[in-house]
Amino acid sequence: MTDSRPSRRLRQGRASLAISFFVQGAVFALLVTRIPALQDRYGIPDGLLPLFLAAVPVLAGAGSVGTEHLVKRTRPGLVLRLVQPVVSLALLAAGSGTAVWQLALALAVFGLAVGALDASMNMLGVSLQRAYGRSIMLGFHAAYSLGGITGASLAWAGAHWDLPLPTLYAPLVAVLVPAALIAGRWYVDQRGAQRADRADRAEAPQDGAVVSMRPLLPLCLVMAFAYIGDSTVSNWSAKYLEDVLHGSEQLATVPYNVYMVTTLLGRSFGDLGVRRFGAVAVVRAGALLAGGGFAVVAAAPGAWAGMGGFTLLGLGLCVLVPQTFAAAGRLFPGASDAAVARLNIFNYVGFLVGSPLVGALGGVWSYRAAMLVPMALVLVTIRYARSFGPLPAGYGDGHERPRTVDVG
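Sequential numbering of the sequence shown, starting at 1, is according to our numbering.
No lab work stands behind these hints, which were simulated from the structure alone. Note that the Cβ used here is the ideal one computed from N, Cα and C, for glycine as well. Careful: at least some of the hints might be erroneous.
Taking CB as the label site, the calculated pair distances span [said to hold, decoys possible]:
| no. | residue 1 | residue 2 | range |
| --- | --- | --- | --- |
| 1 | His246 | Arg386 | 37 to 47 Å |
| 2 | Asn257 | Arg73 | 35 to 45 Å |
| 3 | Ala174 | Gly302 | 38 to 48 Å |
| 4 | Ala299 | Arg73 | 47 to 57 Å |
| 5 | Ala159 | His246 | 34 to 44 Å |
| 6 | Ala55 | Ala360 | 46 to 56 Å |
| 7 | Val380 | Pro356 | 11 to 21 Å |
| 8 | Arg73 | Asp243 | 42 to 52 Å |
| 9 | Leu82 | Ala299 | 46 to 56 Å |
| 10 | Ser248 | Ala299 | 13 to 23 Å |
| 11 | Ala305 | Val210 | 45 to 55 Å |
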């Protein structure tokens with residue numbers, strides 16, 4: 001009987017990539033949770049702040065597009081090793097400048113680098129999952145959620161102790177950059193994963209494969225809808241709980257933390273669900289939970305019921321994004337890097353659309369009714385759930401392990 005356990009190199013690659021996801025989650029949280037402090041430091045007026053914030057995902061989309069072309073000439077692992085320290089240093093630069101142009105430059109570098117980072121991280125995750133022959137993508141995104149919780153907690157401590165941004169960021173970056181660089185020594189890219197775990201299968205990547213947007217489009221829509229839901233929670237949960245559900249100012253800080261914790265829990269155990277029930281069932285359940293969460297939030301009579309809705313949202317939305325990346329890798333096994341890079345753009349599309357959409361609808365209509373729009377979009381995911389299943393023929397180029405139900 002052939003030993004189906006992953007090789008030592010693959011296990012090292014999985015652990016090192018999880019560290020990178022954790023670092024990125026922490027760095028991103030340290031930026032977004034201290035936006036008010038950045039605004040105060042540079043004296044940015046409220047009317048100008050949305051332009052700065054919108055520029056980051058726009059440039060991140062450009063970084064993801066550039067990464068698609070870059071990985072044709074070099075390995076995704078090398079791209080990740082180069083850009084992850086840049087993201088951390090850009091965070092430090094954003095918190096250490098004194099002029100608005102310095103912040104603009106730091107955020108521009110941050111946006112471009114984070115697009116390349118998100119794309120290359122998920123490229124590596126997809127290729128590792130393929131080599132493992134079972135679902136592990138949710139575990140990587142669980143590491144990202146854990147990093148986000150850690151970063152947000154450190155940011156809270158910095159705000160509580162009234163630490164200047166350079167004082168908060170400098171020691172953290174001094175730890176995170178070496179950790180990412182050390183972890184990068186064990187990255188395993190698509191070719192390395194195949195050599196490490198499938199040398200006996202004579203499988204080679206199809207470098208000439210082409211990604212067609214038509215079959216990828218359903219996954220792009222799901223990605224955008226998931227991030228519209230996610231950005232609704234991150235940008236509007238506190239205001240909604242305080243202004244609509246009449247919770248206290250302190251209680252209004254809780255829903256996003258609850259959402260992040262349930263996201264971590266869902267992703268920590270989600271891979272087991274995919275292995276047991278398949279990706280299609282997990283995606284359908286996640287969409288139903290998320291839709292139900294938005295419905296509870298929209299109809300909640302009070303703050304505690306609203307927090308119950310945000311809890312359901314975390315458990316439901318958390319599975320959609322990792323499974324979408326995994327499905328793109330299955331759909332284009334010979335060009336998964338390009339598919340992931342293109343799909344990653346819709347991460348930023350959803351982020352850009354979600355918050356302004358809910359804000360505009362809330363202003364002209366009502367915030368309760370506005371919550372029904374991301375609810376409807378997330379429920380549309382159910383229609384595309386079959387796109388997350390294994391291909392009926394040719395999946396894995398005829399080499400997929402028979403023991404697996406799905407590697408979604």
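Hint by hint, here is what the structure shows:
Separation of His246 from Arg386 is about 42 Å and conforms to the stated range, judged on CB atoms against 37 to 47 Å. Distance hint check: the CB atoms of Asn257 and Arg73 are about 42 Å apart, consistent with the given range 35 to 45 Å. A hinted range of 38 to 48 Å for the beta carbons of Ala174 and Gly302 is consistent with their spacing of about 45 Å. The supplied range of 47 to 57 Å is met by Ala299 and Arg73, whose beta-carbon atoms lie about 53 Å from each other.
A C-beta distance of roughly 25 Å is found between Ala159 and His246, which places it outside the suggested range of 34 to 44 Å. For the hinted restraint 46 to 56 Å between Ala55 and Ala360, the CB-CB distance of approximately 20 Å leaves it violated. Taking 11 to 21 Å as the suggested C-beta distance range, the pair Val380 and Pro356 conforms, at roughly 20 Å. Between Arg73 and Asp243 the beta carbon distance is about 51 Å. The supplied range of 42 to 52 Å therefore holds.
Taken as a hint, the range 46 to 56 Å holds for the pair Leu82 and Ala299, whose Cβ atoms sit roughly 48 Å apart. Ser248 and Ala299 have their C-beta atoms about 21 Å apart, which keeps the hinted 13 to 23 Å range intact. About 50 Å separates the C-beta atoms of Ala305 and Val210, a value consistent with the hinted range of 45 to 55 Å.
Checked against the numbered hints given earlier, the structure breaks hints 5, 6 and satisfies all the rest.
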